[in-house]
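> Sequences and hints are given; from them, build the entire structure.
Listed below are the residues making up each chain.
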Amino acid sequence: MSEITNADYIAEAKKALNDPVLQNALADLQARFGRGTALAYRNLPEGPDLRLKAHEIRAKTIENLDVVLETLAENVRKNGGHVFFAYDTQAALDYCLATARRHKVKLAVKGKSMVSEEIGLNTALIEDGIEVAETDLGEYIIQLAGERPSHIIAPAIHKSRKDIGKLFADKIGIPYTDDPPSLTRAARKALREKFLAAGIGFSGCNIACAETGHIATVSNEGNIRMATTMPKVHVAIMGMERVAARLEDHDVLLRLLCRGAAAQNMGTYVSYVGGPRYLQQADGPDEFHLVILDNGRSRILADEEFREMLYCIRCAACLNVCPVYGKIGGHAYGHPYSGPVGAVVMPLLAGINRSKDLCQGETLCGACQDACSVNIDIPRMLLALRAKLADGDANWQVSRASIPEKGIYILWSWIIQNRRVYELFLRLAALGQCLLPKNRELIRRLPPPMSGWTRDRDIQPVAERSFMDRWRSGDID
Amino acid sequence: MDTSNQAAFISRIRSALGHSSHQRRPANGLFTSRPTSEINRILERIKNRSHAERQQLLGRLIEMAEPINLNVVVLKDPPAVTAALADLIRDKDPEWGHQKSVVTWAHPLIESLNLSGALADQNVPVYITELKESDADEKFGEKERERLRKHIVDSYIGVTSADFCMAETASLVMRTRPGQARSVSLVPSIHIAVIHLNQIIADLKELYALIQWDTESSREGLTNCMTFISGPSKTADVEATMVHGAHGPREVYIYVVTDS
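Just so you know, the sequences run in chain order R and G. Here our numbering is used: the first residue of the first sequence is 1, the next is one more, and so on. Here our numbering is used: the first residue of the second sequence is 1, the next is one more, and so on.
Careful: at least some of the hints might be erroneous.
Think about it this way: if two alpha-carbon atoms lie no more than 27 Å apart in a straight line, the pair counts; the simulated DSSO-like pairs of lysine-lysine are [claimed, not checked]:
(1) 92/G with 143/G
(2) 189/R with 92/G
(3) 104/R with 143/G
(4) 106/R with 150/G
(5) 205/G with 60/R
Listed next, the stretches of chain G that the computed footprint assigns to chain R, with coverage defined by at least 3 CB atoms under 8 Å from CB atoms of chain R [said to hold, decoys possible]:
(6) 21 to 32
(7) 82 to 89
(8) 121 to 132
(9) 145 to 157
(10) 169 to 178
(11) 182 to 192
(12) 221 to 234
Partner residues aside, some chain G positions facing chain R, computed with beta carbon under 8 Å [claimed, not checked]:
(13) 13
(14) 16
(15) 246
Since the hints were derived computationally from the structure, they do not count as laboratory data. Beta carbons are placed, not taken as given, at the ideal position from N, Cα and C, and that holds for glycine.
Written out as structure tokens, the structure is:
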């Protein structure tokens, strides 16, 4: 996982909290899309319960993923496409590079694809001497700035129009402007040349359809259609779970995907691509390749506790309601997946110990599940990850995150199970806290090792007399 | 095609799911093998749709098109479409360069418009994206395709028809055929789709039922590229401000012919 960089969660989160531009952008994003999506679910003819049906569809597909993928591959080949099964990042990159080299490609265009971020496709292409142009406007901005996306659907949400104006003046040599239509037009012009000159187009896949042998991609800008129509070769990369068995499943999943992603009834462009141009057709790619990627997913599949995470269709609705994402933004999570989905997927893909801050940073408020287009129980899996961190887990090679913490919990569990010890503890705490600084009845600071608790918040003091004590002496009505 | 990695890949999934890793499992009821009674009902409904019901769908299309900046123009017959197109071409200026040119599909409905005749007085050439029979051969086709591609890139208006139009999401549905290049609806600055009233259907459910189970529509299946277009290309990536014309057409018109 070359591109997964577990940034310092705490430091990055702090930086985000102190960035007023980002705070405004995040608040605005959540106010519009968070509410918009909830409303869009309610306006479905079937109502928000369609999400439950989608959950069942996804469950059935994932339980039969072997059959579904074999069928998909068979049908894509029948349509004249090539299918490559990649166990890991390296295998996927090798295949993409070999395909590009075979066609002597100098310039590649890319439609927005999170899985290509996951495998680090850009870096690999550039190291191989191939220029690569991101074509989603947000991704293009991020690429020009040399940064990483901070939202699955709105990758440049952390940049202000002034930032983008300066960036464009600097990198593509247009006179400075911070007018969104002018900036969009400048990118349209620059990228049109790339689309027409590129020798290969890369795309992701929103949901494939096994029984027809097609991948489906959704975009509002039209960049994915451009990248998969104009170059001579189209390579689509999909995580192995991004497939539905039947076309009629797409009726449910596509409608929910567009609502979850952007509160839309339908994205502007949906394309089902199932193979190369036929001989008599005037355009479309001469070759179509589908790369199906495992990269740690079969391990998630094998664990029934986390299998549900593979139901995810990456609509990013959970980001738009998450109170944690809404404050710290996408960069703190370490790339490429952020928000609640990232908080579960990243530890499972990149290592639970390594990404422990992600699952520990979420609040378990449950908003993500309500927003989820396929009703995934993300809070349950966040808790399961935390349990593994608390106790260690041989299967996932998790070592206990904190031995002192475990020690404290063992001690605490002993204290509360022994009434006398507990009462003694309360009495000592009630006496001891007199020495601590207070503010309006609340304790301002605890001594180490508990000082972390009171760094950003005050804590309720222990009552002078315990409830049981007052009950026994009849002081309670 | 190297399938050795496929075998290992799939057997890994089988064992992850707790099945024997070597044996291919049957597809018990996973895929649709015949139309359900619901699908039959949908097909029946489409077939027996009355003129009044079609008008109702048209109303719904217009209603759903408005918020996504998709222009629906209702016209009586092909000559009315030709006149409307000629007016539009007179009014609109090209986005790139100065020469106005139009590119169209080879399609009976579009051919019936006789566009090249109608645009001759404006000096606007009309190109049709059809490969000649002899050019379909790989060796000769390349040059001809390059020529068509240049016309598509240079044209500021692309005229297509569509297979269907879904009212509920205001989406044009286009499959790919010889003579009907997909970039005609993508590369020019303005896209115009001319359809008949009876091509309007309700929603995705109807579409999927038709292309999978209707005797006529299912013959081609999805083809190698089926595209839905719901309005003009758009982006909100600069401070969440909506801008039309990111990479695809800045304006999209659906001309609905009501005469049958």
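> Decide, hint by hint, whether the structure agrees.
Going down the list of hints, with the structure as the test:
| no. | hint | in the structure |
| --- | --- | --- |
| 1 | 92/G with 143/G | violated, 31 Å |
| 2 | 189/R with 92/G | holds, 19 Å |
| 3 | 104/R with 143/G | holds, 20 Å |
| 4 | 106/R with 150/G | holds, 21 Å |
| 5 | 205/G with 60/R | holds, 20 Å |
| 6 | 21 to 32 | holds (count 7) |
| 7 | 82 to 89 | violated (count 0) |
| 8 | 121 to 132 | holds (count 3) |
| 9 | 145 to 157 | holds (count 5) |
| 10 | 169 to 178 | holds (count 6) |
| 11 | 182 to 192 | holds (count 4) |
| 12 | 221 to 234 | holds (count 14) |
| 13 | 13 | holds, 4 Å |
| 14 | 16 | holds, 4 Å |
| 15 | 246 | holds, 4 Å |
When each numbered hint is compared with the structure, violations occur for hints 1 and 7.
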